[in-house]
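Colleague: Chain by chain, the residues:
There are 4 protein chains.
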Amino acid sequence: MFISETKVEVRYAETDQMGIVHHSNYVVWFELGRTHLIKEIGFNYAEMEAEGILSPVTDIQVSYKHPATYGEEVIVKTWVERYDGIRVAYGYEVINSKGQICVTGESSHCCVKKDTFRPISIKKQLPEWHEVYEKIKK
Amino acid sequence: MFISETKVEVRYAETDQMGIVHHSNYVVWFELGRTHLIKEIGFNYAEMEAEGILSPVTDIQVSYKHPATYGEEVIVKTWVERYDGIRVAYGYEVINSKGQICVTGESSHCCVKKDTFRPISIKKQLPEWHEVYEKIKK
Amino acid sequence: MFISETKVEVRYAETDQMGIVHHSNYVVWFELGRTHLIKEIGFNYAEMEAEGILSPVTDIQVSYKHPATYGEEVIVKTWVERYDGIRVAYGYEVINSKGQICVTGESSHCCVKKDTFRPISIKKQLPEWHEVYEKIKK
Amino acid sequence: MFISETKVEVRYAETDQMGIVHHSNYVVWFELGRTHLIKEIGFNYAEMEAEGILSPVTDIQVSYKHPATYGEEVIVKTWVERYDGIRVAYGYEVINSKGQICVTGESSHCCVKKDTFRPISIKKQLPEWHEVYEKIKK
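Protein chains in written order, with UniProt numbering: chain A, 1 to 138; chain B, 1 to 138; chain C, 1 to 138; chain D, 1 to 138.
Since the hints were derived computationally from the structure, they do not count as laboratory data.
Which copy? The list can't say, so a pair holds if one copy fits it or any two copies do.
With a Cα cut of at most 25 Å, we get these calculated BS3-like pairs of lysine-lysine:
id, residue 1, residue 2
1, Lys114, Lys65
2, Lys124, Lys65
3, Lys39, Lys98
4, Lys7, Lys77
5, Lys123, Lys113
6, Lys114, Lys124
7, Lys113, Lys98
8, Lys39, Lys7
9, Lys77, Lys138
10, Lys77, Lys137
11, Lys123, Lys137
12, Lys123, Lys65
13, Lys114, Lys98
Given the sequences, and given the hints that come with them, work out the whole structure.
Modeller: Here you go:
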């Protein structure tokens, strides 16, 4: 299993009046982790979109363990939790500088054509991605 | 079971380059639905916080079915899915004007003291909330 | 001068650890006010975009007077501050329920073709918009 | 004049349906640039807040020149544009990898007590900050 690590500096704008990071922001950090994983395995999500293929989220799940706060730097660990040729599920772990797990999570994705939002088979339409995802998945 | 309905007008800033609402925003809409449900059953979350009790999210889950888009008005349906005196889980459904389900979801919460983030028992510390939650839960 | 009024309920996610609305959110509320003004004068920004014309922001200015807080409902007043056939500047005032001015601001916009981001003349390309903007401007 | 440089990777969630970064996000990037400048001159904004002093924004101005897009890395240049012992104005420039100026901007700030939001004199209450700000200002 390949694990990508992304450093994220907590932004002031990401806090809320509880004094901690608002829970919706971890979903944005997951996306950042995903972008990095894709780049590290040799692909580019921006280019895939430019070629007319989108990869929308179909499901997301987050468990909050320990709040992250402004001024901290956290690490988003991202990996391919499941892959079957059509759907990809990424796993995530956000860890603070003390090694505490802030959140764990998972997001599921399919690939669709930009114009129609019709699902496509990653295995058939993106054989190079398929090969690599098979290799790096958990 | 009591179901609260909140109208949400999709904001331009909530869209992304897919041309649809970015998936992190539904988490914010759920929070809006929760605030309304609490108000409709006679309580006020802002006041509870002012009195030193917070209700952080411990888990969140979202399933994306149909994209919402700018210019639309959607309805967030919110209800108490589970309640046991300590934890509350709210259920959500976001529905567009054609009656299509855009997303479904669930969020779990506990109550903690503002100063220490130590969990408290809703049943013991907030007996009035307890009574109502018992009544309206699914 | 025509003034549009938009009610905005302050969202929890819009607060920051100062316990007030994070200053970036007023920029989002201005956009909401703008969308409403355009609708009230009989047009539809979403449709204009669908026809290939965008109206990006070229300048924005905000003065913060009094913080808005979670649980409040504020009103965003929006009007056409200046219009010359090519550029539109909207003026804004955000007012809380006590009548206090929270922020004042202004945003400037041009119109561009979606494909090229090349500026177009509103007067020539959108004569119906031109006529109304001339009428309602300050 | 001291200029701080902060790298910012454009996030997918920061784009809107125009296919470019939504204009409200530059305001968030400015804040990130400010945090870094403060750190680089030897202070820590998070600690200042922990000691009961906040530095809210009183005015903000942004001029949009060239859109930033997902997949890019931009640089936020931040400096002290003006300082008079009570108010600080920071200047900003966001530059893309081709050297194009995406936006320029300015934000003004005062310092207030956390409890009361009453303004304080930086010169008197924070003499160490005062000394450095006098040195590095434009």
